[in-house]
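There are 2 protein chains.
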Amino acid sequence: MKPVGVAILGLGVVGSGTYKILRDHKEFYRRTQGIDLTVECVLEINKQKALDLGIEEGRIYDNIAEVVSNPAVDIVVEVIGGVEPAKSFVLAALHSGKTVVTSNKELFCKYWHELETAARRTNAGLYFEASCVGGVPIIRTLVDGMQANVIHSLTGIINGTTNYILTRMTREGSGYQEVLKDAQALGYAEANPSADVDGYDAAYKLSILASLAFHTKVPLEKVYREGIAQISGQDIAYGDELGYVLKLLAIGKFDGNRSIEARVHPAFVRKDHPLAAVNDSFNAVYLQGDSVGDIMLYGRGAGALPTGSAIVSDVIYAATHGEAKYASFKNTEKAEVGVKFVTDFRSRYYIRFTAKDRAGVLAKVAGILGKYSISIAELVQKGEDAESVPVILITHETTELSVRSAVGKIAALDGVESVDSVIRVEG
Amino acid sequence: MKPVGVAILGLGVVGSGTYKILRDHKEFYRRTQGIDLTVECVLEINKQKALDLGIEEGRIYDNIAEVVSNPAVDIVVEVIGGVEPAKSFVLAALHSGKTVVTSNKELFCKYWHELETAARRTNAGLYFEASCVGGVPIIRTLVDGMQANVIHSLTGIINGTTNYILTRMTREGSGYQEVLKDAQALGYAEANPSADVDGYDAAYKLSILASLAFHTKVPLEKVYREGIAQISGQDIAYGDELGYVLKLLAIGKFDGNRSIEARVHPAFVRKDHPLAAVNDSFNAVYLQGDSVGDIMLYGRGAGALPTGSAIVSDVIYAATHGEAKYASFKNTEKAEVGVKFVTDFRSRYYIRFTAKDRAGVLAKVAGILGKYSISIAELVQKGEDAESVPVILITHETTELSVRSAVGKIAALDGVESVDSVIRVEG
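Chains as they are written, first to last, in my numbering: chain P, 14 to 440; chain U, 14 to 440.
One chain only, chain P, in its complex shape (with noise of 0.2 Å):
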């Protein structure tokens, strides 16, 4: 039986819950993988908590010069998260000729090109599964199950602190400050929540999972980015009124030819749509490609056992086959020459304002819409009795530039008091 050595650098939660399933199921893999995996060592600064899984003091490195130097270590587990030190420790692993998993979703989109530079020197693999969408092997399925198709959109809840926040918005008719600190509490969101509910986080796996449907780097600075903090209950509401659900999605689209989008941004979902079923901290990843036509696939996208579940199965991809593989696309650095990344992103507009004076302010509206070649799918007005009423209007499928420049006509009319909303509306 092949024996195959494994490290674990840090040991929070992603790298608790690895170190855990590769424990639990060494008989099991030695059975229906025929390979015994162990864990011959972790890096973690805090020995108690190593201790505390159990781990004999022997194996427990506070330095990754040890790490990388044992020759019983084949697969070095990098699920630290953030740039530093997690890279210098990965480029380290690499340069030993040891193969890395991670889950480091940042680190991974912002240095992708230096890592499999180093990857390819010694021949050492390079597998990121954990990096997306947790538990889902939306990477494995992009390069070994649909490289048939020419992929033309991807359309993903990517982050489940924003969904799980968004689903009780919903559910409950509560307002974004006061979800946020229920999650904070119960652990859902971190204490700065800056990470997931501004995009960050759906940016970098959008700017991973983009370039590999896309055959091309997508850059992290091309990715268009909103998050969900000025997303207020009324819009959710209404939204739900006219048969939409409101998500944080990460966009990619694909011309077939030259022109790619990448956006993360709330956005409204027709309740029909698979996507908006997606609920809690679930995520999905709904894809279209030119073959197989729409695919979708939904899963935990954190956690500890499932992104545990995820880097251990590529520690057994890793460990079961010959070759090492590395991005399915050649240049991880930029960008392919020719290709154009679109900021005038098409799509239908939900937008809702408050009007003081009925009567003559939607002539003027409609007029603005006209001018920018803008219609009108859906127009609802609210509160009949009031002196000033929200109006809501949703677009057919029109062009960001020119819905930015109708509203600030919009804002401008006198019978406006003020454009409250602007949401894309999706799928």
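Honestly, the hints are just simulated from the structure, not real lab data. Remember, predicted model here, so these are calculated numbers, not experimental data. Be a bit skeptical, because a hint or two may be false.
Each pair may be met inside one copy or between any two copies, as identical chains are not told apart.
Stated by the list, open to error - Below, simulated DSS-like cross-link-like pairs (lysine-lysine); rule was C-alpha separation at most 27 Å, straight line:
| hint | residue 1 | residue 2 |
| --- | --- | --- |
| 1 | 15 | 338 |
| 2 | 194 | 384 |
| 3 | 15 | 347 |
| 4 | 39 | 338 |
Use these hints to put chain U onto chain P, whose structure you have.
Then chain U, alone, in the frame of chain P:
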């Protein structure tokens, strides 16, 4: 660039789709996969069919010997379906050392061992992603994406024809025969629909998927099977009122030790379960792994291009991975020693009977159920004023044998005119 020669056996729906994908993506695969895929020849008796697709006359063969003796052919795609002549052709290809990619679930599920033995002998690859759930990469997911998990259950809607029929019966309130006729006219069901509507197709696929999920052969004859021909629109309507949708489910369960259940039958699914929203000819597989938790894959289960997508995905996988891959469990001939196939399933049950004498009969029914330790979760009486009224009850979880025994006794009661339906309630 590595040249890879493909032969396609059979230009039916899937064969033609596969040909078109390979033809239209030649440059795309050169660029993204670094391989030069060419359809070297096709085996098709109906020469005109091949000519119509634009295939040169010299590449249209009518004899398998020509295919296997062509040194330019590396990979043989079998999309004929059925056992013979597909089996002989596949064996001939494997004997000559050519990798085989097949969509043939019946052949694969019945002769897996014979095919794999032949493949191992010449070190030829043997790939069958397209045999189950069309374009959805369920086999890759089981083998390379969820292999870190002990999989405890697999619940699938894996036959498009029956899902199309049940979806229309549900939406339109139409009867089975009526929708079936329409489905046949539209090409969604075969002239002889038995393979689909009687559950054979789903049973073939479940045998394959459960074998991979549970790491032991689950022979076809161990798959319990019931079709949808007996389903009445009445039960679909009553189920709807109670919050359920009727689906033909393929269910595999594993207790983590030795017990396996494998069954295909109609079942009610709660409307808020992700499988309930899988409509028309879409398919989905819902899995529960011990680490990853719940996961679902959703997509097109059939059709020329979706199934072609899975075939070409296998072709690319075979062409770009060094070693030939076989089943992820050892003995493809028969179940592991000690495995027990459970036939006395545990489930909840929907039972509909017609009561003549309501006053007296319900107490007696409750008494019979109590005797078999079956507890009632819900009970609904319909049509209060009629002399004979339908009564519907939904049980808590119990066993198949208890229900069968109890139903026999209920049917024999004086006040019961008939027991009209017994439908399992899952998910």
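Cross-check of the supplied hints:
Taking the shortest alpha-carbon separations for residue 15 and residue 338, both the intra-copy value of 20 Å and the inter-copy value of 17 Å come in at or below 27 Å. When the C-alpha separation of residue 194 and residue 384 is checked against a cutoff of 27 Å, the pair qualifies neither within a copy, at 44 Å, nor between copies, at 51 Å. Taking the shortest Cα distances, residue 15 and residue 347 sit within 27 Å of each other only across copies (26 Å), while inside one copy they are farther apart (38 Å). In the homo-oligomer, the alpha carbons of residue 39 and residue 338 lie at most 27 Å apart both inside one protomer (25 Å) and across protomers (22 Å), since each shortest distance falls under that limit.
Hint 2 from the earlier list is the only one contradicted by this structure; the remaining hints agree with it.
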